[in-house]
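All chains should be modelled from the sequences, with the hints used to inform the complete structure.
Chains as they are written, first to last, in our numbering: chain A, 1 to 483; chain B, 1 to 339.
No lab work stands behind these hints, which were simulated from the structure alone. Fair warning: there could be bad hints in the mix.
Unchecked claim - Restricting the straight-line Cα-Cα distance to at most 30 Å, the calculated cross-link-like pairs of lysine-lysine (DSSO-like) are: (1) A:Lys-473 - B:Lys-205; (2) A:Lys-420 - B:Lys-178; (3) A:Lys-179 - A:Lys-258; (4) B:Lys-232 - B:Lys-149; (5) B:Lys-178 - A:Lys-473; (6) A:Lys-473 - B:Lys-149; (7) B:Lys-269 - B:Lys-228.
Here is how the chains run, residue by residue.
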Amino acid sequence: MSFLSFNFAIFLAFGLLIFHLARPQWRPCLLLVLSCVFYLSWGLTHTLLLAAVTVGVYATALWMESRPAEQSKRALMALGVMTLLILLFAFKSATWFLNEFSTHTRRSGLDEAIFVIVPLGLSYYVFRMLGYLLDVYWEQIPAQRSFVSLALYGSFFPQIVSGPIQRAEDFFGQLDKIKNPAPGDFVVGLRRILFGLLKKVMIADRLAPLVASVHANPLGFSSLELLAGAYCYSFQLYADFSGITDIAIGIGLLFGIKGPENFNLPYFSPNIQVFWRRWHMSLTSWLTDYLFMPLRMSLRQLGTTGLGLAIFINMVAVGLWHGLTWTYLAFGILNGVFMTVSVLTLKERNTFFQSRPNLARIRVFAGPLLTFHLVVFAQIFFRAESLASALSYIKGIVPGFHPAIIPMRRFDVSLLDITKYTLMLSPVGLLAMEAINWAVGQRLWTDRFLSAPRPFRWGLYYAAITGLLFLFKGKMTFIYAQF
Amino acid sequence: MLSSDRTQKNDTWRSLGLRLALFCLPIVIGWAALEWWAARVPDMYSVKRQRFQSQAGDLDTLVIGSSSAFLGIVPELLPGSAFNLATPFETLYEEDNLMTRLLPLAPKLKRVIFQIQYPTFFSTRNPHWEDWRQYCFEQEWSIPPEQVKDRIDCRMWSRLALRTPRFYIERLVGAIRKWTRSRKFVLDQTEIASIDDRGGWHSPKDASEDLSVASATNRLAHHHRGMKADYKMDNIARFDHLLSTLRERKIEIIFVTLPVWQTYRDGMKPECWQETQQIVSQRTNDVDVCYYSFLTVPQFEAQNFWDVDHLNTRGAVRFTQMLSAAMNRKKPDSVATGQ
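What follows is the structure, encoded as structure tokens:
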């Protein structure tokens with residue numbers, strides 16, 4: 001059941017009705033049942049796996065907490081963490097192995113039906129459970145006594161498909177809100193869902209055909225077309241991922257849970273460090289706390305080299321979290337290099353620009369522009385179907401390196417599966433989206449909107465809903481739902 | 001929480017609920033109106049059902065199968081009164097259920113032409129990507145999806161969910177435009193225009209698309225993705241049930257394999273095709289069952305094909321004439337070549 005399907009709309013409407021009509025003390029159980037029904041719609045086997053993981057983590061955390069000796073606590077923590085990591089690695093590597101195997105042996109036909117499906121949201125719930133186990137071990141939170149609460153944390157249906165990765169402490173701290181959700185949160189949630197759907201349907205899905213075309217056959221397009229494809233993918237990815245995050249946060253609010261934010265105007269970041277603090281924030285902050293900080297501590301005797309190494313490993317982990325493929329590895333390595341260079345040279349750069357005020361003014365604009373282009377470049381690897389395909393894409397962009405006989409400056413919109421209006425309006429749409437994102441964070445603008453006459457506000461909502469229904473293409477998936 | 005707080009909160013929820021209901025009311029009304037409209041917009045499945053039902057009493061020959069038969073068999077060239085009920089990606093489950101429901105409507109039916117193609121016994125609706133078609137069978141013929149889990153889906157009853165709201169809004173806008181010009185409310189018939197008025201045959205253009213090896217490889221890969229040896233036993237059971245239903249009514253059964261272009265034929269897995277032929281041959285010993293395979297006949301050239309596994313109009317006419325001639329001859333002793 002995709003978030004963008006009529007089945008899900010009906011499921012959510014009925015779920016909300018039952019939830020809000022139920023007695024407050026039953027609501028967490030009801031929400032768990034709804035989460036299980038939602039996950040069951042993707043398959044029974046994967047639901048059983050999720051249940052097994054939850055039972056295992058619940059028992060391990062309680063057992064770990066009850067042990068007086070530090071050594072046995074550590075052993076239990078290591079056992080839990082290793083089991084979860086092996087599970088994650090096994091599914092991700094099985095897919096990689098079978099892909100490689102079928103490519104090398106060029107098997108086709110009926111044998112292609114043999115494949116491993118990575119359970120929906122595996123990376124998300126494994127990371128949530130890992131964080132919970134480590135938090136209990138580090139005594140930042142007590143082990144959860146209520147199995148329902150832990151199971152709900154692991155399987156909370158708005159967040160299981162594409163995150164955000166909410167911390168255990170934050171989630172458990174809001175359990176009372178499930179029993180008594182605030183009406184204000186409900187309205188904010190509805191608005192958030194509508195905004196997320198608009199991002200997905202009006203921006204991301206409009207650009208998807210162009211991106212699919214250029215990445216399917218990079219050699220068939222000119223440098224200019226490939227360049228447009230690279231920019232469009234960055235727009236698509238952001239609109240798609242932030243769209244599903246908005247929907248997830250919005251649905252969570254309908255049930256009283258506020259999920260963590262994942263984005264904060266990332267494409268306006270002055271440098272790559274800031275970009276990664278504003279992009280997929282729930283993952284990067286998770287990795288910072290559970291991977292980077294322990295690494296940094298253990299490598300501190302190496303000084304700057306240790307810092308660079310910790311940053312690099314952290315960024316490679318960001319890449320491989322998406323899947324064990326060469327393209328994600330390349331994406332991680334590239335970002336690792338960008339980040340390491342950026343962090344290690346930041347002090348010198350700041351000193352340089354402090355003494356040159358004219359250049360510093362240019363830096364205000366050039367910094368975000370350069371950062372955006374580094375991100376666009378790295379995302380070519382993220383989207384490419386293989387490493388070879390990514391390399392030929394990049395070769396195709398560079399003038400003079402395009403292997404095919406296609407005029408470098410050709411820009412034939414008809415070949416790109418997109419209309420010129422869509423192409424022109426997509427950056428405008430993205431800017432409008434960012435302006436709204438910014439305004440939502442400003443009290444002044446929020447108050448102005450909320451104090452506007454109701455017919456005006458409702459008119460906007462109806463227009464948005466009509467636009468959505470008109471542009472909706474049927475069953476669709478989100479890019480980050482595959483991880 | 002104090003009881004006064006709770007009462008205040010309940011009041012807020014009540015007022016929010018009322019506002020929400022008021023907000024949703026136009027949406028619900030609009031949706032219902034669009035559903036009502038959508039039910040009036042014909043599509044391939046509804047048109048076939050309506051035309052079949054209007055002729056069912058006089059029919060003596062029925063064609064069932066998937067897209068190859070839908071495009072490749074011209075009912076008016078067959079002897080007697082015939083109707084082509086084949087639709088793209090029709091599965092054995094749907095064909096079996098379709099016959100059970102249709103036979104009482106067609107009292108004069110004496111012959112069923114059943115298309116056997118390469119994926120027939122190895123494919124099923126799920127997890128095939130064209131799973132939406134199963135809901136067309138539910139909406140038109142009340143044949144529920146095979147898997148129980150697929151029945152919990154609003155496409156069981158909603159046309160808007162089966163297609164998209166846009167599809168029906170565009171047709172409505174088109175019809176209103178025509179009405180403003182000519183004061184006649186005329187529906188857009190693009191989708192059903194190519195379906196033959198009486199016989200249910202979809203006439204493709206005479207042009208040939210890409211018949212290259214690459215095109216055949218793509219087409220075969222598409223078929224192979226949905227083909228699995230595990231589906232065979234269930235499909236054979238459905239096939240046998242279908243045959244016994246027809247035999248009970250003493251209806252003549254003609255299995256037929258339509259020609260495919262050589263690039264497609266060369267890419268077929270020989271073991272799968274041999275197994276298919278074996279399954280069919282084992283069931284052709286009865287008096288009223290025969291099998292004509294036109295898979296390898298040399299008479300069909302590139303200009304007879306629309307794509308690697310579908311005939312075009314010219315090919316369909318030629319093929320149906322050959323099939324008619326073969327049917328008029330004596331029943332073959334074993335698997336016929338159709339020549």
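Do the hints match the structure? See the list:
1. A:Lys-473 - B:Lys-205: holds (28 Å)
2. A:Lys-420 - B:Lys-178: Within the cut-off at roughly 28 Å; holds.
3. A:Lys-179 - A:Lys-258: holds (14 Å)
4. B:Lys-232 - B:Lys-149: Distance ~21 Å between Lys-232 (chain B) and Lys-149 (chain B) Cα, so the pair holds.
5. B:Lys-178 - A:Lys-473: Holds, at roughly 26 Å.
6. A:Lys-473 - B:Lys-149: holds (23 Å)
7. B:Lys-269 - B:Lys-228: Judged against 30 Å, a Cα distance of about 12 Å means the pair holds.
In summary, the structure agrees with every hint in the numbered list given earlier.
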